[in-house]
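Work out the full structure, taking the sequences as your base and the hints as a guide.
There are 4 protein chains.
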Amino acid sequence: MSSTYGEKLKLSIFGQSHGPAIGMTLDGIPAGLPVDFEALNAFMARRAPGQGSFATSRKEADQPEFLSGLVDSFTCGAPLSAIIRNTNTRSGDYSNLKDCPRPGHADLPAQIKYKGFQDVAGGGHFSGRLTAPLCIAGGLCKQWLGKKGIHIGAHISSVAGITDKLFDPVSPDLAAVQDGFPVIDLSAGKKMLAEIEKAKADSDSVGGTIECAITGLPAGLGEPMFGGLESKLAQIIYGVPAVKGLAFGSGFAGSELRGSENNDPYTITDNKITTITNNAGGILGGITTGMPLIFKVAIKPTPSISRLQQSVSLDRMEQQELSVQGRHDPCIVPRAVPVIEAATAIAIFDICLLDGKF
Amino acid sequence: MSSTYGEKLKLSIFGQSHGPAIGMTLDGIPAGLPVDFEALNAFMARRAPGQGSFATSRKEADQPEFLSGLVDSFTCGAPLSAIIRNTNTRSGDYSNLKDCPRPGHADLPAQIKYKGFQDVAGGGHFSGRLTAPLCIAGGLCKQWLGKKGIHIGAHISSVAGITDKLFDPVSPDLAAVQDGFPVIDLSAGKKMLAEIEKAKADSDSVGGTIECAITGLPAGLGEPMFGGLESKLAQIIYGVPAVKGLAFGSGFAGSELRGSENNDPYTITDNKITTITNNAGGILGGITTGMPLIFKVAIKPTPSISRLQQSVSLDRMEQQELSVQGRHDPCIVPRAVPVIEAATAIAIFDICLLDGKF
Amino acid sequence: MSSTYGEKLKLSIFGQSHGPAIGMTLDGIPAGLPVDFEALNAFMARRAPGQGSFATSRKEADQPEFLSGLVDSFTCGAPLSAIIRNTNTRSGDYSNLKDCPRPGHADLPAQIKYKGFQDVAGGGHFSGRLTAPLCIAGGLCKQWLGKKGIHIGAHISSVAGITDKLFDPVSPDLAAVQDGFPVIDLSAGKKMLAEIEKAKADSDSVGGTIECAITGLPAGLGEPMFGGLESKLAQIIYGVPAVKGLAFGSGFAGSELRGSENNDPYTITDNKITTITNNAGGILGGITTGMPLIFKVAIKPTPSISRLQQSVSLDRMEQQELSVQGRHDPCIVPRAVPVIEAATAIAIFDICLLDGKF
Amino acid sequence: MSSTYGEKLKLSIFGQSHGPAIGMTLDGIPAGLPVDFEALNAFMARRAPGQGSFATSRKEADQPEFLSGLVDSFTCGAPLSAIIRNTNTRSGDYSNLKDCPRPGHADLPAQIKYKGFQDVAGGGHFSGRLTAPLCIAGGLCKQWLGKKGIHIGAHISSVAGITDKLFDPVSPDLAAVQDGFPVIDLSAGKKMLAEIEKAKADSDSVGGTIECAITGLPAGLGEPMFGGLESKLAQIIYGVPAVKGLAFGSGFAGSELRGSENNDPYTITDNKITTITNNAGGILGGITTGMPLIFKVAIKPTPSISRLQQSVSLDRMEQQELSVQGRHDPCIVPRAVPVIEAATAIAIFDICLLDGKF
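Chains as they are written, first to last, in my numbering: chain A, 1 to 358; chain B, 1001 to 1358; chain C, 2001 to 2358; chain D, 3001 to 3358.
What the hints contain is simulated information worked out from the structure, not anything from laboratory work.
Treat each hint with caution, since some may be false.
To be verified - Keeping only pairs whose Cα atoms sit at most 30 Å apart, straight-line, the calculated DSSO-like set for lysine-lysine is: (1) LYS2098/C to LYS1147/B; (2) LYS1148/B to LYS115/A; (3) LYS357/A to LYS2272/C; (4) LYS1147/B to LYS98/A; (5) LYS3115/D to LYS357/A.
What the hints assert, rightly or not - Residues on chain A that point at chain B, a partial pick, calculated with CB under 10 Å: (6) SER171; (7) ALA175; (8) ALA176; (9) VAL177; (10) GLY180; (11) ALA234; (12) LYS244; (13) ALA298; (14) MET317.
Just so it is clear, CB atoms sit at the ideal spot from N, CA and C, and this is done for glycine as well.
Next up, the structure:
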C-alpha cells in the first residue's frame, strides 16, 4: 500500500520534501549484482533540477548515500537502502498552504486525509522530490536489466501539443533520443522549448506526453488478469506525480481502428516469429509477446504557477486568490523522462524476478 | 499475482472458457451486508451475450451459484464464493489454435509461457468469459457502495471514432445512460450501431472507449504514490481483457493545456469547498478530492474476426492464413461497460475497507 | 489476509461446514505439472472421518471436483480450483449456539466479530471441515515436491502425554510411519488408542502433538527475518484449527541446553558438509541448512465434548450448562497428521516457487 | 517477503551489523499519533548491550535518527523512517567466517543462498543487531497501543531450565516484572544470573524462554485461518533471531490435558462475559476472546561461544576447529524480552489498523 511496490521485489520509499532525508529500501534483490555508481549518478543527473530553462533553478544534492545491501559494490542479498539528505529543510515558503490549498496539488485532500497533521513544507511526501529515490531504485534495476539485454528508453513525445517523432514500434531505436533535452527530433525539441519559455514568461506552465519502449524482453513474461504487465506497469507509473494517462501500443488511437487493422499479423523472419506491426505494444493478455513493449504517458502541466489562481481560505471559509511562489519547473516533462524509465525498470525487474530470470 | 486482486479485500478469479466452471472468491467482506440477487442478476444481464446485433449470438447461462459466504442473503464474514457452470465445454472449434495463433489474442504468448500446456479451448483463462465472475464480485461491491451513497456509472463514450456526449465532470448524471445500448445520446448510439453492423458485414470488428464516473466519494480516500487511486484502479481495469488505455480527468487532452487551464480552481458553495472544473478527475496525489472520480478506458477492436488474417503454423514454421471461426462480438464495448463498472466497484470497495468505511 | 496464503502461490480457501460446498483456489502454479488423482484421493482419505474408534462416525464425501486449472490431468497455468459438496447441510444440531457459546470454540469471538451474522451451523468457516480443501491444495503440492525429491512425512508424536518414537533428526525415516493410525511405534500407538477410548467413554477428549519432517530440501531456501522458513511455516500451520504450539528442531527443550550442546557441529561426509546433530531443525537464520527440516506441533484436545460444561446464555446473560451434541472426534490428532503435511507442502512449494525451483 | 512485514502497516527493515547504518521504514501509520522520544529511548535501552554480566560489553549507540514521517513529534501520515549509524563498521574480527562457518549461525546457509556475496561482518543482515530497528518500530507501536488501553509486557520465564513465576493467565500483572533483569520472582532471577555466570566462565552460553502478555485487547480482532492472531504473531516472532518455539495459552502442556480441563468455561462477572481459566491464551479460531493474550517463546542458547567447536574449512573441505571470538552475550534472553514486546506490538498494531481501531 501507499509508498511500497512489488511482489518479489519490495520497494519502500520514504521522506518528505523538506524533512531530514528522502530515501528508499529495495528488498528482495539477488546477491552478486554489480552496482555502477558512475552510471547511477549519470542517470540521477538526468532527473536533477537546474539543467536548463525548462527546469527549476533549485539546486539539489542528489547524490545517494548507500546505507545497506552492498559489499564492495556488489549486492549482498540484504535489503539495499539509500538516502539523500535534504539540504533545503523546513523553509517558511509554504507556511500558508494549510490555510490556502494550491489548485492542482494534493494540499487539500492531504489535509482532509491526515486531519491537518500532514507535512506541508514543499508538498511533503507528495513532492516530486520523492522521484529521486525512485530513480535510485530504478536506475539500479535498469543497469541490471541491461546486463540481460533488456533495455529501457523514453523520450518526450509531446509538449503543449507539439509532437516529437515516435519510436518505430517494431524496432525502436532507443539511441536516437538526444542527450540533454530528451527528444528524437531536435527541431521539434526547439519548438517545445519555445513553448516552455512562453509559458514561463506568462507565469504559467505546460504539460506533455512521454513515450517509453523496452527492448529485449522475452515472450511469456507476466501473468493473466490483474498480474498482467499493463497492470504491473500502471500501478507504479501512476505512482509518479502528475501522471494522468497511460496507454499501451496503439492505445486510444487503436480504439478507432478495425480489428483487421489493429491486430498484428504474424510473420517469420530468420526462423523467428514476429509481428509485422506492433499495435499490441508488446503485450497480449497481460503477457509479453517478444515484440518491444511500448506505452505512452500523459503528464499534466505543472500545477505550481505564479499566476493568480482562485483558491479558498479554509480558516475563514471564503474565496482567496493565490500565487504559488518559489522556483518551479514551467514544464516537468523533461525531468519526468528518466523517472518513467526508472518506474518501468522496477516493474520489469520484479516481473523478471518472479519469472526466475535473475 | 495473476488472477488475484486487493489489499483488505482479496478477490480470486478462476476458470477457463470451456472448463467445467468459472467462478470467484471474495475474501475480507464484512459480515451483515445484504445481497440483492435480483439486482445482481440484472447487472449480470448487462454483460451477458446475445443481446442484440452488436453481440455474439452465443447463449451463456450466467446465473451464479453461491457456494459460501452467505446466510439468508446476508454476508456472514466468511469468504464469499460463487461459480457459473460452463455448458459449452471442450468444443472442437479451437483445436487448431495450438498450431496457428490468432493475431491480437494471447494464444502465442500463452503457449510460450505455459510451454504448450495452456487450455486453448475458447481462449482458456484469457477468455472474456472470465469477466462474468468479475461481474459477480463487482456487482455485489456496487450494491454495497450504493448503500453508502457511492454510485458508479459508465457508458460508451465512443465506438469506431463516433463519440457520445460525455458526463459533466463536475456533476455527472449517471441516470442519463440509456438502458440496452449504454449511451447518453441515442442518436450517437444509432450511428455507433450502424458502424458495428458495417464491421460485422465486413467480417471485421470495431473498438471504442468507455467513460466511467463515481459519485459520492468522500475526500481523503486513497494513499500516496503506488497506493493512489489511479494505481489501484489501473491495476484492476488493465485486468479486463482488451483494455489498452486509461486516463483520469482531462487525461491526454489535459497534457496539452496550460497549468492555468488544467488546475481546478477552488470555490465555496453552500459552505462546502468544491472545484469549479474537474480536470483532476477527482484525484490529486492519488487521493480523492471529493469531486466525482472520472476516467476513460480504451477498448481495442475485438481481435476475433472471420476475415482472413496472416498467422503462422508453429509446427511447420511457415506463413499460414487464418479465419477465426465461431460466434464473436463485432464490438465488445457495450458488454464491457458493466465490466468496467464492476472492476471499479471492487477497487473502490477495497479502498473503502482500508479506510474503515465499512 | 484471512483465508488466503502465499507469496508466489496464492491459496484461497472458502466454504462453511454446512454450506453448499467447500473448496479452494490455487493460483500461481506452473503449467505442465501432472496430477495423480488416485494418490490425491488416498491422501484425502487419511484425513477423512469415520476411520476408527478415534474418529467421528460422520460420513463425508471428500471427493474433490476440479473446476479449473487442468487439461488432461496436467496443470495448464490457470488457477486451479476444486470443490467438495457438503451433503450434510443446514442441520438443526447447532441452532442454540448463538445463545450458548461452546467453550474452546470460536463461537463467541465470531459472534462479536461478525455481529451475529456468522454461520453457526457446524462451526461455519471455523469448522475443521475446512481442512479438506487445505488437503486438496497440500496433497497436490506434496506430489509435485515429491517429484523433485522433497518428501514430507508426519506422525503422532504424542497423545494424552503418551509418546511415540521420534524421527532421527539427522536422517528421519518417513516410511517408518504406520498406515492407519500414524505412529512409528505400534505399541505406543496402542496405548494412545486406549487413552482415546477412555476419554470417549468419559464423554471427554484428548489432545497431542505431531512431529513433521521434510527431507530433500536443498540448502539456501528461505529469506531472512519475516520471510524465514519458520515464519512461512508458522503462518500456515497456525491456520490449522486446534494448533496451539509449534517448535523447530530442539525447540523448547533446546532452550534448556547450553550453546555447546545445542549448536550442530559441522562435519564432512562423502565430500558433503552436514551437521552431526540437527538441533536447528534444518533452519538457521530462516534459511534451510540442507539438513532435514523438523518441527513439532501441539494440538489441543477436541473442544467439542458431550460432558457438561459451564457456558452462558447470551440472551439472558446468565450462567448455563452445555453438553455439546453431535458426532465428534474424541481425538483429532490422527486426522490432523495429513493436514499438517498438507500445510507444510503448501508453504514449501511456495518457497520453492519463489526460489525458481519449479 | 524477507525483511518486510505487515498488511495495512508495512514495516521494512534494512542494514547489516557492520554496514554504514541499520534502520526501518514503517508505512501506513495514521497521521496525528504523538511520539514520546524519551519513552522510546527508555524502551531501546532495555535492548541495548552492556547492561550487566549477562550481556556483551560492546557499546552501541542505539539512538535512532528519524528521517521522515514526523512533524513536531507527531506522525504526519508519510512513511516513518529512522536509522541508527553503526560506529563499529567493517571490523576484521569476522574475516575467516567465509571459510569456516560458525555452528548455530546462518553463515553457511547464507553463503550458499547468496553465492558468497553475503556480508559476513558481524553476521551481516542476520545479526541480532537488526532487532534495534525492530525495537524502534515496536516501541512506537507499543506507545500508540498503550494510549488505547492495550498493554504489552514480557518477562524471562526461564533460563537454563530455571523458571520464573508465570503471569496469571486470567489477570496478568504486567507491572510485576522487575526493572533491569526482567523477571517476576527476584530469587529465580538470581539463580538465572548465576547460571549465566557459570556458562560464561565455561566459555559457553545458555538459552531460555520468554512469556508475553497483552491486556486490553477487545474481543473479535483477527481473521480466520491464515489471518488468525497466532499466524500474524508467529510470522513476526519467528523473524526474531534465535526464536525456535512459540506456544499460545496452555500450548504444549495443554496438549496433554483433556478437553474438559483445557476448555475455558464461560462465566459472567459484572455483567461481562469472561472465562474462568485462559488456556486458550486469549485466542479462539484465530480471533481474540477478550481475555489476555498470552504466549511463550523458546530462545536458543547464544550460538557464539568461545569454546572450541567442530566446523569445517570450506576452502580445503576438511574438518577444522573454531573458537568464536568477539564480545558476545552468554545469554541473549534478557535483551530479547523487549524485542519480543516490540514484535508483538507491531503485529497487534497492524491487526488494530486492519480492524479500523486507529
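(request) Could you grab the alpha-carbon distance between LYS1147/B and LYS98/A and see if it respects the 30 Å cut-off? (result) Distance of about 33 Å is beyond 30 Å: violated.
(message) Hinted pair, alpha-carbon criterion (30 Å max): LYS2098/C, LYS1147/B. Please report holds or violated.
(response) holds, 28 Å
(request) Could you check if SER171/A really has its C-beta closer than 10 Å to a C-beta on chain B? (result) It is violated, given that the least Cβ distance between SER171/A and chain B is near 18 Å, above 10 Å.
(message) Checking one constraint from the list: CA of LYS3115/D to CA of LYS357/A, max 30 Å. Satisfied?
(response) Holds, at about 16 Å.
(request) Decide if the proposed pair is consistent with the structure: LYS357/A and LYS2272/C, CA atoms, cutoff 30 Å inclusive. (result) holds, 29 Å
(request) Could you check if ALA298/A really has its C-beta closer than 10 Å to a C-beta on chain B? (result) Holds, about 4 Å.
(request) Answer holds if the nearest beta-carbon of chain B is closer than 10 Å to that of ALA176/A; otherwise answer violated. (result) Violated - the Cβ of ALA176/A stays beyond 10 Å from chain B, reaching only about 22 Å at its closest.
(message) LYS1148/B and LYS115/A were given as a pair; does the straight-line alpha-carbon distance stay at or below 30 Å?
(response) holds, 22 Å
(request) Have a go at the MET317/A hint: is there a Cβ in chain B nearer than 10 Å to its own Cβ? (result) holds, 6 Å
(message) Hint ALA175/A vs chain B: min CB-CB distance below 10 Å?
(response) Nearest chain B Cβ about 26 Å off; hint violated.
(message) Less than 10 Å between beta-carbons is the criterion; does VAL177/A satisfy it with respect to chain B?
(response) violated, 19 Å
(request) Go through the hint on ALA234/A and say holds or violated, using the shortest Cβ distance to chain B against 10 Å. (result) holds, 4 Å
Violation of the numbered hints given earlier is confined to hints 4, 6, 7, 8, 9 and 10; the remaining hints are satisfied by the structure.
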